[in-house]
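Throw the hints in and build the complete structure from the sequences for me.
Residue numbers (the working numbering), protein chains in the order written: chain A, 67 to 320; chain B, 4 to 404.
Warning: the hint list may mix true and false statements.
Reference listing, derived: stretches of chain A covered by chain B, where coverage requires no fewer than 3 residues with Cβ under 8 Å from a Cβ of chain B [stated by the list, open to error]:
1) 80-88
2) 186-192
3) 212-226
Each pair of labels, with its calculated beta carbon distance range [stated by the list, open to error]:
4) Leu389(B) to Phe79(A): 22 to 28 Å
5) Gly247(A) to Leu103(B): 20 to 26 Å
6) Ile329(B) to Arg161(A): 28 to 34 Å
7) Phe79(A) to Glu271(B): 45 to 51 Å
8) Phe86(A) to Gly285(B): 50 to 56 Å
9) Leu92(B) to Met269(A): 35 to 41 Å
10) Leu123(B) to Gly247(A): 30 to 36 Å
11) Phe79(A) to Ala151(B): 33 to 39 Å
12) Arg77(A) to Thr100(B): 48 to 54 Å
Covered by chain B, according to a simulated footprint, are these stretches of chain A (three or more residues, beta-carbon under 8 Å) [unchecked claim]:
13) 246-260
14) 269-277
In short, the hints are calculated from the structure, not lab data. The beta-carbon is built from N, C-alpha and C at its ideal position, and this holds for glycine as well.
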Amino acid sequence: MAIEKENFSRRDFIKNSSMFAGGVVFASLINPYKFVFATKQPKGKGKWYGIGIDIEKCIGCGSCARACKIENDVPDDPFFFRNWVEQYTITNDERILVSSPNGGIDGFKQPVPDEDIYKTFFVPKMCNHCAKSPCTQVCPVGASFESPEGLALVDQSYCIGCGYCVQACPYGCRYIDPLKGVVDKCTLCYHRLEKGLDPACMMACPTGARVYGDLNDKNSAVSLFLKEHNCAVLKPQLNTESKLFYNDLSQEVH
Amino acid sequence: MDKIQSLYEALTKVDGFIYPNELALNWDMLIVMYPYITGLVAGAFILASLNRVFDIKALRPTYELSLLTALSFMLVATMPLITHLGQPLRFYEMLITPHLTSAMAIFGFVYLWYLMVVLLLEIWFDYRYDMVIWSREKKGFMKFFYKALTLWVSDTSPESRKTDEKIGYFITVVGIPSAFLLHGYVGFIFGSIKANPWWSTVMMPVIFLFSAMVSGIALVMFIYMVVTYLRKQKIDMNALDTIAKYLFYILIIDFTLESLDQIHRIYEADESFDILKILVRGKLFFTFFIMQIGVGVVIPLATLGFLQFKKPRVRIRKLIYWIISICVLVGIFYMRWNVVIGGQLFSKSFYGFTSYKVNLIGGSDVTLSLLWFIVPFFILAFLLWLLPPWKKAPPIEIPED
Chain A
67 MAIEKENFSR RDFIKNSSMF AGGVVFASLI NPYKFVFATK QPKGKGKWYG
117 IGIDIEKCIG CGSCARACKI ENDVPDDPFF FRNWVEQYTI TNDERILVSS
167 PNGGIDGFKQ PVPDEDIYKT FFVPKMCNHC AKSPCTQVCP VGASFESPEG
217 LALVDQSYCI GCGYCVQACP YGCRYIDPLK GVVDKCTLCY HRLEKGLDPA
267 CMMACPTGAR VYGDLNDKNS AVSLFLKEHN CAVLKPQLNT ESKLFYNDLS
317 QEVH
Chain B
4 MDKIQSLYEA LTKVDGFIYP NELALNWDML IVMYPYITGL VAGAFILASL
54 NRVFDIKALR PTYELSLLTA LSFMLVATMP LITHLGQPLR FYEMLITPHL
104 TSAMAIFGFV YLWYLMVVLL LEIWFDYRYD MVIWSREKKG FMKFFYKALT
154 LWVSDTSPES RKTDEKIGYF ITVVGIPSAF LLHGYVGFIF GSIKANPWWS
204 TVMMPVIFLF SAMVSGIALV MFIYMVVTYL RKQKIDMNAL DTIAKYLFYI
254 LIIDFTLESL DQIHRIYEAD ESFDILKILV RGKLFFTFFI MQIGVGVVIP
304 LATLGFLQFK KPRVRIRKLI YWIISICVLV GIFYMRWNVV IGGQLFSKSF
354 YGFTSYKVNL IGGSDVTLSL LWFIVPFFIL AFLLWLLPPW KKAPPIEIPE
404 D
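Below you can see the structure in the form of C-alpha cells.
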C-alpha cells in the first residue's frame with residue numbers, strides 16, 4: 067500500500083501562516099481590549115447590577131454582616147467575611163482610627179471620649195462587583211468570572227484555590243474557605259436574586275442604608291440613589307470601575 | 004484546625020487596621036520557594052549559555068553541571084505551587100482550560116516549553132554520543148536504560164556529532180530568551196497586581212530576572228565546589244574566577260535595578276509610600292536591610308570587588324567563593340521573601356499590618372518548602388551519577404568555515 071504524502075510547498079506554508087496571522091490581527095482589531103479587561107459592559111438591555119450605600123444612614127448595627135454570614139455559610143471565625151462594617155473615628159488631633167471587630171457583627175465600642183472626636187462614621191464593605199474586575203482577570207482557570215449581570219462570581223467546583231484573586235482584589239473582599247480549600251466572596255446573594263428575592267444584607271438593614279438594582283434601568287433604586295446623591299467609589303485611581311457607590315464617602319476611607 | 008488556631012493568634016498581633024480577610028497570608032513560604040527555585044533554574048541555564056553561545060571557554064568545566072543543576076531544580080519548580088493550592092488535585096485545570104487574561108495561567112506552558120524544548124533537548128543532544136558509548140560499555144539493565152535514553156539512536160559518526168553540536172547550539176540560542184521569559188514572567192505574576200503597591204512595578208520582571216541570574220550563578224558556583232571536593236579533584240580556579248567575575252557584574256546590575264526601583268518609589272512617594280516606609284523599617288527591617296541587602300549584596304559586592312583587584316592565595320580564594328555563594332543564595336532567598344511575604348504584611352487599606360509567624364516545627368509550609376529545596380539536590384546527585392560530565396568524550400572540533 068502506497069503511503070500518501072501531502073505535498074506542501076513553501077508557498078502553501080507562507081499562505082497558511084499569513085492567513086493565520088491576518089486572522090489574529092483582524093480578531094484583535096474587532097475586540098482590541100478583550101485581553102485587557104476580563105469583561106465589558108454588555109451592550110444589550112439585560113440587567114447590570116449596581117449597589118448604593120448611604121454612609122449617613124448606617125448606624126453600625128452589623129445586621130448586614132450577620133445576615134450575610136448566616137445566609138451564605140461563611141465560617142464563623144472573625145477573619146472570613148463576605149460583608150463587614152468598618153468604624154472610622156477621626157480625632158481632634160487628626161488621628162484616623164479604624165476598627166472592625168468581628169466585622170462589626172457584635173456591634174462597636176467607641177474607645178475615644180466624645181470630646182476628642184472630630185467626626186466618626188461607619189462604612190459597610192462588600193464586593194464592589196467591578197466592571198473591570200482585577201480578580202476575575204487574574205484567575206488562572208476562569209473559575210472566577212463575571213456573570214452577564216455584572217456580578218463577580220466563583221465556580222467553587224472548579225476553583226483550584228491558588229489565591230491569586232485574593233491578592234488581586236484591592237478591597238480585601240475575597241478569602242480562601244479553610245474547609246473547602248477554594249475562594250469565597252460576595253455574590254450579591256445570586257441564589258436569591260435568581261428567585262426574585264433581595265440579597266440578605268439588603269433585607270437585614272434596618273435603616274435602608276443599602277440599595278441595589280439595575281443600572282441600565284434609570285428608575286431602579288440604585289439609579290435613583292445615584293441621581294439624588296453625590297456618590298463616590300473606593301480607590302477610583304485603580305480604574306476597576308467599581309459598581310458599589312457610596313453616598314457621603316469621606317476621603318479617609320480606603 | 005491548627006491553621007485557624009494560628010489565625011486567632013495572629014489576630015492578637017494586628018497593628019492598626021487591616022481588612023478582616025487580610026489576616027490570613029494566603030501566599031506563605033511555599034510561594035517564596037516558587038520564584039526562588041524558578042530563578043535558580045533560569046540563572047544556572049544562563050551560566051551554561053555563557054559558555055556555549057558567548058563562547059567563554061573558561062566556563063567549560065561547569066557547562067554540563069549548570070545544565071543538570073537547572074534540570075534538577077526545574078523538575079520540582081512547580082511543586083511548591085501545586086502543594087500550596089487549596090485544591091492540589093485540580094492543578095491540571097490550569098493546563099487544559101487556561102484563562103488567557105491571567106498571568107498565572109500561561110506559566111504552565113512557559114514551564115513546559117522550557118523543560119521539554121530547551122532543557123531536555125539540549126541535555127539530550129549534549130549527551131547523545133556519550134550515552135551511545137555508555138550503552139555499549141554497560142551490561143544488563145543499565146545497558147537497556149542508556150539505550151532507552153538515546154531513544155535507540157546509535158549513530159556515533161563524526162557527522163552525527165557535528166549535527167548534535169549544531170542543534171545544541173541552536174537550542175541554547177533559543178534557550179536564552181526562553182530563560183529570560185521564564186523568570187521575567189514570574190516577575191510579571193507579581194508586578195502586574197495593581198492592587199498591591201509593593202509588587203506593582205514595571206521593574207519587577209527585570210529585577211526578578213537579574214536576581215535569578217545572580218542566584219543561579221551562585222548556586223552553580225557552590226555546587227561545582229562541593230562536587231569537585233567530593234570527587235577529590237582539583238578545582239579549576241580559572242573557571243571559578245570567571246564565574247565570580249560574572250557574578251560580580253550581574254550583582255552590580257541587579258543591585259542597581261533594585262536601588263532604582265526603591266529610589267523611584269521613595270522620590271515619587273505616592274499614597275502607599277507612608278505604609279511601605281513603616282513596613283520596610285519595621286517588619287521587614289531584618290529580612291530587607293540585614294539579609295537581602297547586607298548579606299546578599301553588600302558583603303558579596305565588597306568581597307568580589309576586592310578580588311577583582313587583588314587575588315589572595317588559592318586556598319583563601321576558594322573559601323571566600325564558597326562563603327560568598329552561600330551569602331548570595333541566602334540574600335536572594337530573602338529578596339523573594341520580602342517580595343512575597345512583605346507584600347502581604349501591610350493592609351491594602353494602608354492603615355495597618357498583619358503578621359506572619361514561621362512555624363519552624365510542625366508548620367506544613369516550612370516542611371514542604373524545605374522538602375522542595377532538598378529534593379533537587381538528590382535529583383542532581385542521581386543525574387551526576389547517570390550522566391557524569393567528567394566521563395564525557397572530549398568535544399569534537401568543528402572546523403570553522
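Claimed coverage, the segment 186-192 of chain A by chain B - three or more beta carbons nearer than 8 Å: Answer violated; 1 residues pass the 8 Å Cβ test.
Beta-carbon spacing of arginine 77(A) to threonine 100(B) - inside the hinted bounds 48 to 54 Å or not: The hint (48 to 54 Å, Cβ to Cβ) is violated, given that arginine 77(A) and threonine 100(B) are roughly 36 Å apart.
Consistency of beta-carbon spacing, arginine 161(A) to isoleucine 329(B), with hint 28 to 34 Å: About 46 Å separates the Cβ atoms of isoleucine 329(B) and arginine 161(A), which means 28 to 34 Å is violated.
8 Å C-beta test of the segment 80-88 of chain A against chain B, three or more residues: Coverage by chain B is violated here, the residue count being 0 at a Cβ distance below 8 Å.
Leucine 103(B) and glycine 247(A) - C-beta distance against the hinted 20 to 26 Å: holds (25 Å)
Whether the CB-CB distance between phenylalanine 86(A) and glycine 285(B) falls inside 50 to 56 Å: This hint holds: roughly 54 Å between Cβ atoms.
Cβ separation of leucine 389(B) and phenylalanine 79(A), checked against the hinted range 22 to 28 Å: This hint is violated: roughly 40 Å between Cβ atoms.
C-beta pair leucine 123(B), glycine 247(A): status relative to the range 30 to 36 Å that was hinted: This hint holds: roughly 33 Å between Cβ atoms.
Status of the given 45 to 51 Å range, CB of glutamate 271(B) versus CB of phenylalanine 79(A): Distance hint for phenylalanine 79(A), glutamate 271(B) holds at roughly 50 Å.
Assessment of proposed distance window 33 to 39 Å (beta carbons of phenylalanine 79(A), alanine 151(B)): At roughly 34 Å between Cβ atoms, alanine 151(B) and phenylalanine 79(A) fall inside 33 to 39 Å, so the hint holds.
Stated coverage of the segment 212-226 of chain A by chain B [criterion: 3+ residues, CB within 8 Å]: With 3 residues closer than 8 Å to chain B, the segment 212-226 of chain A meets the three-residue bar; holds.
Chain B covers the segment 269-277 of chain A, three or more CB atoms within 8 Å, holds or violated: Contact hint for the segment 269-277 of chain A vs chain B: violated, 0 residues under 8 Å.
Checked against the numbered hints given earlier, this structure breaks hints 1, 2, 4, 6, 12 and 14; the rest are met.
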